[in-house]
Amino acid sequence: QKEVEQNSGPLSVPEGAIASLNCTYSDRGSQSFFWYRQYSGKSPELIMFIYSNGDKEDGRFTAQLNKASQYVSLLIRDSQPSDSATYLCAVGWRDQLIWGAGTKLIIKP
Amino acid sequence: EAGVAQSPRYKIIEKRQSVAFWCNPISGHATLYWYQQILGQGPKLLIQFQNNGVVDDSQLPKDRFSAERLKGVDSTLKIQPAKLEDSAVYLCASSLVQGGDTDTQYFGPGTRLTVL
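For the protein sequence lines, the chains are R and H, in the order given. Residue 26 in this note's numbering sits at position 26 of the first sequence; the count goes up by one each step and never skips. Residue 92 in this note's numbering sits at position 92 of the second sequence; the count goes up by one each step and never skips.
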């Protein structure tokens with residue numbers, strides 16, 4: 001049974017601070033990792049993906065991957081109230097995604 | 001580039017009635033996914049099509065759910081008869097790559113189903 005685990009939250013972060021979202025996965029052979037953002041009542045939208053160990057930066061977002069620890073994280077710098085959403089971690093398996101339940105992030109003004 | 005289209009956006013039915021959802025993927029995307037998302041949970045894959053063939057329907061409740069993707073483009077998902085526990089958001093997603101590789105999935109707006 002392939003699993004993706006996320007803390008459900010809510011994670012409350014002050015505006016302007018760094019938000020850190022974490023995800024662990026069970027399949028050691030996984031090669032691709034995705035972070036999606038889902039606003040309440042909306043569908044998931046891709047933030048970024050990462051395939052290689054290390055960090056990948058895109059604007060205020062940084063994805064970090066550690067395959068040895070089976071751990072992937074998403075950092076959001078200079079958090080804004082508009083970042084308040086549920087963040088879904090998804091891990092690739094063949095041509096499917098195995099989804100976590102998401103972490104609810106609340107940015108406090 | 002137009003995104004994934006879904007209709008209807010909302011549907012309210014009574015239990016034991018039937019309902020159908022429609023999805024039009026991004027042009028050229030070979031793979032189409034139907035997901036069920038219950039509040040507070042991640043998306044659950046119901047069925048995956050590659051062109052007009054079924055790749056995976058292992059989590060589709062086949063006694064009541066059916067889906068088809070005629071001509072490898074549009075797809076419909078049907079529930080008959082509906083149960084209270086089918087109340088959820090039904091998401092359609094598509095991806096470009098086919099066969100063996102994990103590619104980015106793009107989602108439609110979803111259909112929120114309420115079964116009374």
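The set of hints was computed from the structure by calculation and includes no laboratory data. None of the values given here were measured: they were computed from a predicted structure. Glycine is no exception: its CB is placed at the ideal position from the N, C-alpha and C atoms. Be aware that one or more of the hints could be misleading.
[To be verified] In silico lysine-lysine, DSSO-like type, Cα no more than 30 Å apart, as pairs:
no.	chain 1	residue 1	chain 2	residue 2
1	R	Lys-2	H	Lys-78
2	H	Lys-83	R	Lys-56
3	R	Lys-67	H	Lys-78
4	R	Lys-108	H	Lys-83
5	R	Lys-104	H	Lys-44
6	R	Lys-108	H	Lys-78
[Stated by the list, open to error] Some, not all, of what chain H presents toward chain R, calculated at C-beta under 8 Å:
no.	residue
7	Trp-22
8	Gly-28
9	Pro-43
10	Asn-52
11	Asp-57
12	Leu-70
13	Val-97
14	Gln-105
15	Gly-108
16	Pro-109
17	Thr-114
For each hint, the structure was consulted:
At roughly 28 Å between alpha-carbon atoms, Lys-2/R and Lys-78/H fall within 30 Å of each other, so this suggested pair holds. Among the hinted pairs, Lys-83/H with Lys-56/R is inconsistent with the structure: their alpha-carbon atoms are about 44 Å apart, more than 30 Å. The suggested pairing of Lys-67/R with Lys-78/H is violated, with an alpha-carbon distance near 39 Å, which exceeds 30 Å. Proximity of Lys-108/R to Lys-83/H is assessed by CA-CA distance (about 39 Å); at most 30 Å being required, the pair is judged violated.
Distance check on the hinted pair: Lys-104/R and Lys-44/H sit about 18 Å apart at the alpha-carbon level, within 30 Å; holds. Between the alpha carbons of Lys-108/R and Lys-78/H the distance comes to roughly 42 Å, so the proposed pair goes past 30 Å and is violated. The restraint placing Trp-22/H at the interface with chain R is violated, with a minimum CB-CB distance near 15 Å, outside the 8 Å limit. Contact between Gly-28/H and chain R, as hinted, is not supported at the beta carbon level, the nearest pair being about 16 Å apart and thus beyond 8 Å.
With a least beta-carbon distance of about 5 Å to chain R, the hint placing Pro-43/H at the interface is held under the 8 Å criterion. With 8 Å as the threshold, the beta carbon of Asn-52/H stays out of range of chain R, its nearest partner Cβ sitting at about 16 Å, so the hint is violated. Interface restraint check: Asp-57/H against chain R, minimum CB-CB distance 12 Å, threshold 8 Å, status violated. Given the 8 Å rule on beta carbons, the hint for Leu-70/H is violated: about 21 Å separates it from the nearest Cβ of chain R.
At its closest, the beta carbon of Val-97/H sits 7 Å from a beta carbon of chain R; the interface hint therefore holds under the 8 Å criterion. Interface restraint check: Gln-105/H against chain R, minimum CB-CB distance 6 Å, threshold 8 Å, status holds. The interface hint given for Gly-108/H is met, as the beta carbon of that residue sits about 6 Å from the closest beta carbon of chain R, less than 8 Å. The beta carbon of Pro-109/H is positioned within 8 Å of a beta carbon in chain R (closest approach about 6 Å), and the interface hint is therefore held.
For Thr-114/H, the shortest C-beta to C-beta distance to chain R is roughly 13 Å, which exceeds 8 Å, and the interface hint is violated.
Checked against the numbered hints above, the structure violates hints 2, 3, 4, 6, 7, 8, 10, 11, 12, 17; every other hint is satisfied.
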